[in-house]
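Model the full structure from these sequences, guided by the hints.
Chain by chain, the residues:
2 protein chains.
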Amino acid sequence: MSAKGNLTIKNEFKESDKNGVYRAIYSRRDIRGQFHGDTISEEVLSRILHAAHHAPSVGFMQPWNFILIKNFKIRRAVHEAYKHANSEATLMFSEDKREKYQKFKLEGILESPLNICITCDRNRFGPTVIGRTANPDMDMFSSVCAVHNLWLAARAEGLGVGWVSIIHNRELSEILCLPENIVPVAYLCVGYVTHFPPKPELESAGWLPRLSLEKLIFCDQWKTDCQTNWPKLYEEVQSYRNSYQE
Amino acid sequence: MSAKGNLTIKNEFKESDKNGVYRAIYSRRDIRGQFHGDTISEEVLSRILHAAHHAPSVGFMQPWNFILIKNFKIRRAVHEAYKHANSEATLMFSEDKREKYQKFKLEGILESPLNICITCDRNRFGPTVIGRTANPDMDMFSSVCAVHNLWLAARAEGLGVGWVSIIHNRELSEILCLPENIVPVAYLCVGYVTHFPPKPELESAGWLPRLSLEKLIFCDQWKTDCQTNWPKLYEEVQSYRNSYQE
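Read top to bottom, the protein sequences are chains R and S.
Quick note: the first sequence, position 133, residue 133 per the numbering used here, numbers continuous.
Quick note: the second sequence, position 111, residue 111 per the numbering used here, numbers continuous.
There may be inaccurate statements among the hints.
[Said to hold, decoys possible] The calculated lysine to any residue pairs, modelled on SDA-like cross-linking and capped at a C-alpha distance of 25 Å, are: (1) Lys10/R / Thr194/S; (2) Lys215/R / Asp137/S; (3) Lys100/S / Phe125/R; (4) Lys100/R / Asn123/S.
[Unchecked claim] Examples of chain S residues lying across from chain R (beta carbon under 10 Å, computed): (5) Phe66; (6) Leu178; (7) Val237; (8) Gln238.
[As the list claims (entries may be wrong)] Covered stretches of chain R (chain S as the covering partner; in silico rule of three or more C-beta atoms under 8 Å from a C-beta of chain S): (9) 45-51; (10) 178-185; (11) 212-220.
What the hints contain is simulated information worked out from the structure, not anything from laboratory work.
We put the CB at the ideal spot given by N, CA and C, even for glycine.
This is the structure in structure tokens:
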């Protein structure tokens, strides 16, 4: 084995660690129901918040804050804001889809034991931030990575997380007293759950199908298909069956 | 132990799986150098792409595509676009910071064996998408989650990933022949590396410090501090030392 080969292997996780990473990725779900009342300990909460805080951030600006919401008066106000945005949303669907849309449960604001709003401070360490010069939304993307780290860590801890995106930011900002430069990125419902569904709910309900990954891959430029240009990869992607689905 | 307690434990990962998740989160790095020449097998590439494809997506729209770029003519064009955006960026820093900025290596476009551009198709399954009605950028955030899944899976496989954000989208779109509705979300340099630095490079270089997480947490509303309002959590967060740092 070459020295390079040794380096490659050195940096690779051992099988049991890899298993954990892929298991979290494949079994994470967007949770809106099935919360039960178990309290989240400070120890577990600290672990998932530290995981979020170790997300990648553009220019190391760490633009996030975490607002932990337990107060029911505030949660009820957020729930009203959700209902308002959802009634607008309902009218946007064509009539043939509207009835089905209305049957989906799209939030767990009041049933979950904890809500977390993850924000982005657009001025932190600014105005000039390494890596945000050509793409001003990179700070928002950093906060999204924090959301996703929290989500995966929560899955490992057995905690369900649901991202409620049907709320207007201006209403949420008012309820949470956010200053102008602080933008809400994600409003999350967090808690222990009776179970994690085996597949995304919109897939199980037949709303949309899982796309075939091999068709989403191009080589070098848009629409230069993988089947013709990298057939070995195409076959590998097409035949892959993960062993982590639960 | 209560029935609820049993459910909580049932959904929690076993210690070895948890270890893998947290190890990936804490040891992932934004890689710009130290690439070496080992080829990435189709098997490994397929695994990290499937991980990306299993990211959460708003309304299950799966808005991503993956453009795998090996061609050197295209990579040289992307590198020129980087140099252009970076020369603009350099002038944005105040004179006292400019010299230090110019010393940072901020991309590995030509040295890494593979570049991957992850995009967002803003029209996929649209125009009306569940969850994107009040927040039109939720599809972009979904593609960011795909980027981050790929990044974590790559870390587990021993592959370094660097996100190059100093390129104007309009130039990148032209080079990669993207249609109007396809937006580049991340341009990644991917390859095996000699090592993963123990800390983010901008932290080690003293550009910016790691913020104290406990100060970034508020309770119920902005600026309602955690120390006064949830002292047990504040202490837990402050005293937490992860055992996964490498």
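Earlier hints that do not hold, by number: Per hint list: zero violations.
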